[in-house]
Structures are given as structure tokens and as C-alpha cells.
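Note that the protein sequences, when read in sequence, are chains A and B.
The numbering of the first sequence is the numbering used here, which starts it at 1 and goes up by one.
The numbering of the second sequence is the numbering used here, which starts it at 1 and goes up by one.
Among the hints, erroneous ones may be present.
[As the list claims (entries may be wrong)] Straight-line distance between alpha carbons at most 25 Å, and here's what the computed DSS-like set of lysine-lysine pairs gives: (1) B:K9 - B:K44; (2) A:K15 - B:K9; (3) B:K239 - A:K97; (4) B:K118 - B:K191.
Don't read these hints as lab results, they were simulated from the structure.
The primary structure of each chain is shown beneath.
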Amino acid sequence: MNAPTAEKARLYYPKMPVTWWLRNLRYFLFMMRELSSVFIAIFLVVFLVQIAALARGPEAYTTFMRKLESPGWIIFHVVALLFALYHSYTWFDLTSKVQVVRLGGRQVPPPRVTAVNIGLWLVLSLVILLLFLFA
Amino acid sequence: MNDPTITLKVTRYRPEHDSAPSAQIYTVPYRQDWVVLDALNYIKDKIDGTLTFRWSCRMGVCGSCGMMVNGVPKLTCAAFLRDYYPHGIQVEPLKNFPIIRDLVIDMSDFMQKLRSVKPWIIRETEKPLSEGEYLQTPEELEAYKQFSMCINCMLCYAACPVYGLEPTFLGPAAIALGYRYNLDSRDQGRKERQPIIASHEGIWECTFVSECTVVCPKDVDPAAAIQRSKVNTTLDWFKSVLLPWGER
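The shape of chain B in the complex, shown without the other chains (with noise of 0.2 Å):
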């Protein structure tokens, strides 16, 4: 009896001499412990060497292997043959973002958006390294523990169609993660955030369409950190506005 076989449609573009991308078939043996992933690496290994993505870890953890199977954003490290077989794949690059060659796609955008919220630790003054580290209760660690686990993999961009259609948009995960160092309990950085988060290109510009917090292989729900924001910045709008001696 024959080894079983799957199908692989994989979007190809070598800007050397495309114009568009265009698909390839490929036939590759089946094994049900075998991922999206595996069935490229045994592409590139033993049938065409020329096919280019990304990956790393393997383990769902670096963020690097996107891609859009069957149209949907997932982690290829983490999308099992089984799920699909006997019906083919078609693997494209992340939908939404420049194609550099075949499944590789250009993360610049979303890397400049990331820096934009300046997703770290913001302190007034920091204090000397003899009082001791920011301490903190589990309650403060739960408040946005969530929002921590996002791997920057950039499927949420790929599901979003305001990203899409309006690519100034600054986008699921870099919100999320403005929102995570919002909320953690030794940051201090807020208002050096809310100009970018707060602006137009930022949550204002989410119509809460929701598919990113679908694909989120982290379950960070970035569209609730999103509407959390919208929700927090009205209430600065409604402060400065009632109240004369708050916050300007």
C-alpha cells in the first residue's frame, strides 16, 4: 500500500522575476504528528529548496511561523495535518502585510507601531538598585497577565480588516501591549503612551470587528484591551472636562 500524501498549495513570489504571486503544488507524505510546519521543512529539504519562510521554536512560543492556512492566520507550528487531511492545505503569508518573497512578509510596520507604545517599564524616577526590585501582589500580576503573553506573531494583523483597509492603523497586539504596561502596577508611563494609543490611527480607529482576539493563539484578546482603552480614555475626556481641578 502507498504512504499516504497530502497536498500543499503554497503561494510563491521570487521578486527576481514575478510580477505577482502565484501557487505551487506540492505533495507531501502524511503523518499525523506532522504540523503545517513539518510539511514546508520537508518541502525545502527534499523537494525544493528554494521555498522561503520563517520559523524558529517550533513550540508556539517564538512567533515567527504565521501564516495563513486555509485563509486563516495560525502558527504553522501549531496547525496539525490531522486537522485538515485527506482535504489539501493552502498556505499563503500573512494577509495585510507587504510579501518579500513567497511566505515571508515585511513586519517593519508593526515593528515601528510596537516601539511607538513603548512597551516596557516606565518610571518616573527610578530608584536606586539598594532599595530593592518593584514588588508586587499576585492581584497586580493578574491584572495584565494576559495581555503579557502576546508573542508579537502578528496573526492578529493578518485577521484584521481595519488593518487592511487602513494600514496607518497602529493595530491589535501593539495596543494590547501599550494596554498590558498600562495596567501593570510599576509603570508609570501612561500618559506618555495615551498621544499614540489614544489617537486617531489608534483605538478609535478599531471597530471592534473582533477576529483578532479569534486568532490570538496566546488568548490575549486584544479587542478587549482595545475597548478597555476606549472606554478609560473617555472617562480622562469626561474628568477633564466636569472636573476643573482634575487632570489636564
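Here chain A stands alone, though its shape is the one from the complex (with noise of 0.2 Å):
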């Protein structure tokens, strides 16, 4: 039985593109999921430098606040929100995938799961928002 071995030899083995996720927009939906984290960590180090700056006083913290109105940081803070959104959204969508919630010995839809998250995500954000605008 030396076939086998020999056809093993001819096999082809197609590679990957790096394109890959330019295939369907699943793919590149994907990928802007992944992307969003770079956009969110730079915020992440961005805000500590900001908590770093208002612990060295008034000063300081009007100093890197007024570097922040510059357009381009105006423009990478509404870039990264979009992602920061975006992201979420990823999170509830997985929610329905990963709860099997049961109502009544029967398993509620998978799409309703992920609006009741959502529906909650946005309460809650507007309450944070009505909080930050009029507390």
C-alpha cells in the first residue's frame, strides 16, 4: 500500500489570501470588530493619562484638556465611539447565542434575547446620560 503516500505527495494545498476578509461583508464585519479594540485601548491609555493629569492638579488637567479639542483627537474620540458602539452591539448579539433562556418550558427566540439586552443597554445608557446632564 505505497499509493496512498505517493497521492499524498500531489495533494495541493491552496493558500490564503491576505485578502481574505475582503470576501463577504461577514468577514470584514469581523474584522472591524477586531480593529475596534486598537481604537478602544488608545481611548483606554488616553483616559488614564487624562486621570493622571487631573491627580497633578487644575493646571495640568486644563493643559491635556485643551490639547484633546484639537480636530484630530475630536475626530479619533468619534471614530472610536463608532467602534466602542459597534463593538457592543457584537457583545449583546453573542448574548442570544450564549444564554438559552427558557420562558414556559420553551426556549425564547434567540433574536428577542438580544433585543431585550439592547433595549436595556439603551435605558440604562440614557439614564447614565440624564444623570451626567442634569445631576
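Got two chains here, each in a separate frame; can you build the complex from them with the hints?
Structural data, given as C-alpha cells:
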């Protein structure tokens, strides 16, 4: 039985192109989700520097905040916010896959689980926003 | 009036004289009730008997006719020409697998991985035949039924970029089937499967692209099986660390 070995040598091993994630929209969105972590990480570093500036006193904090008012940083924060929102959405989408919710012996349809999660997220975000604006 | 036709651009790879696959174009009659597999069989019977591909049941049960149809992993017995007509159709072998010939891929890696998760009922001790069957309630059946619908067609492996980039990944179907038996009330083999399923090459390699679930022709949802296995494995770890009397 030498044939299988000889056959194996003639197998063709296709290579995955580096542009595989442009092959369909879902692969692309997956890559965007992965990329979002870079922006969120940069945002967190900026946030830590901001807290450090706050600890150094009012003057250091004002200087730091003035830097953030530059168009470049504003654009960065808008992009980071969009990525953070998208990343959060993907997490809520995941919850319905992970959690099997049963009511009255029947499984609640996964899209409904996601919808409830997103609804709660929006309500809590609104409460936090209102507290921030008026408290 | 001429009868309508449709063109198929089919991958050819003849290892005895090709160093790489190439595409060959065939024109076949267009019939509303034909699927891609019917067109391939027409080519094989009437145009070019050397074209090689796998198929068997023609009814979405055997899982052998999986191919890339216009870049999407599909069972060719369920991909109707009418959904593509009048445009041409590109038929390629399943992605992420070595090609043996034309549209036939080498599935030995998948078969080995499938075996490694022990997709059968494991009992600590088998009860004697005289005690009868292992009974199950409809709810207990419902718990795993979806994951038991897998027909091993490997479309999920062709859709999974992680498997394409890291061929050591255990892959969607094998994990989903391991999970299916873990969920089965008659099974006691989870501990035996855990070293494979919870390994780095197992669930933790998955980055949740979820394309496996999108292409699955049987709505198995392997992505859910993998993510739930991750949660269960994490809970195992917490139990083993936080509860000194917990199972280790």
C-alpha cells in the first residue's frame, strides 16, 4: 500500500490570501470588530493619562483638556465611539447565542433575547446620560 | 429558439500533470429544476467524463457534495441554477482543504478531528441489556437535537477563516458534535472530551466569526456550541479555583 503516500505528495494545498476578509461583508464586519479593540485601547490610554493629569492639579488638567480639543483628537474620539458602539452591539448579539433563555418550558427566540439586552443597554445609557447632564 | 444555457466555471486539478488548479468553462442546458450538482453530472455524462467530484444522495442528507458555489460553501444538491441564472456559476472545491483532484478535497484532517472528540455516547459503566434502553424525556432530547443534525458536510470548515489560517484548529463541526454528546442526558463522557474541546486548538482558537453558522445547511449553529462550551469551561475553572471541594 504505497499508493496513498504517493498520492499525498501530489495534493494541492491552497493558500489563504491576506485579503480573505474582503471576500464577504460578514468577514469584513468581523475584522472591524477586531480592529475596534485598537481604538478602544488607545481611548483607555488617553483616559488614564487624563486621570494622571487630574491628579497633578487643575493647571495640568486644563492643559491636557485643551490638547484634546484639537480636530485630530475630536475625530479620533468620534471614530472610537462608533467602534465602541459597534463592539458593544456584537457583545449583545453574542449573549443570545450563549444564553439559552427558557420561559414556560419553551426556548425564547434568540433575536428576542438580543433585543431585550439591547433595550436594557439603551435605557441604562439614557439614565447615565441624564444623570450626567442634570445631576 | 435555442434552448437556454448556463456557463459553469469549474476548478480543474489533475495532479498527474498540473502544478496548480485552473478553471475550465462548460456550457450546460439551463433547467429551472436543476441544481448545480445536476449540471456537474451533465458535464460528467455528456461533455467531459474526466471531471471528478463527490456526491451521493442528492437530497441534502449525505453531506458529500459540498463545494464553493460563487465563493460560498454550499451543498451543490441544494444550490439551484435558477438562483444564479442568467449569470454564470463558479464551482470550486471547498476552501481550506488540500485538493486531491478537481473538486475533490482531502478530508482526512476533519475525520481525525471528528474522531478525537469521541462523538458517541460514553457511559462510566454500561447497564446490562436486560435493564432496557436509556430513556429520555422530550425536553432532554430537545436540549441537544439541533446539534445532532450535523451531516459532516464540512461547509463550516470551508467558511471558517480561523481553520484556514490555523489548520490545527479543531473546527466548528467537531466541537458542535462533541458538545451535542455533552448535552445528551444519556452521556457521561464530558470529562473525556474536555482535554480536546477545551484545549488551545479547541474552543479557545475560535474568534467567533460565526460564518460556520451562516453556511450550515442544517441550522446546527456550531458558533453557539463553541461559545457555550467556552462559558461552561470557564465556569469549570472558576469552580475548581473557588470551591476547594469542587471537582478538579
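A quick look at each hint next to the structure:
For the suggested pair B:K9 and B:K44, the alpha carbons sit about 14 Å apart, so the restraint of at most 25 Å is met. At most 25 Å may separate the alpha-carbon atoms for a hinted pair to count; A:K15 and B:K9 meet this at roughly 20 Å. A distance of roughly 23 Å separates the Cα atoms of B:K239 and A:K97; the hinted pair therefore holds under the 25 Å criterion. This hinted pair checks out: B:K118 and B:K191 have alpha carbons roughly 11 Å apart, not beyond 25 Å.
Every hint from the earlier list agrees with this structure, and none is contradicted.
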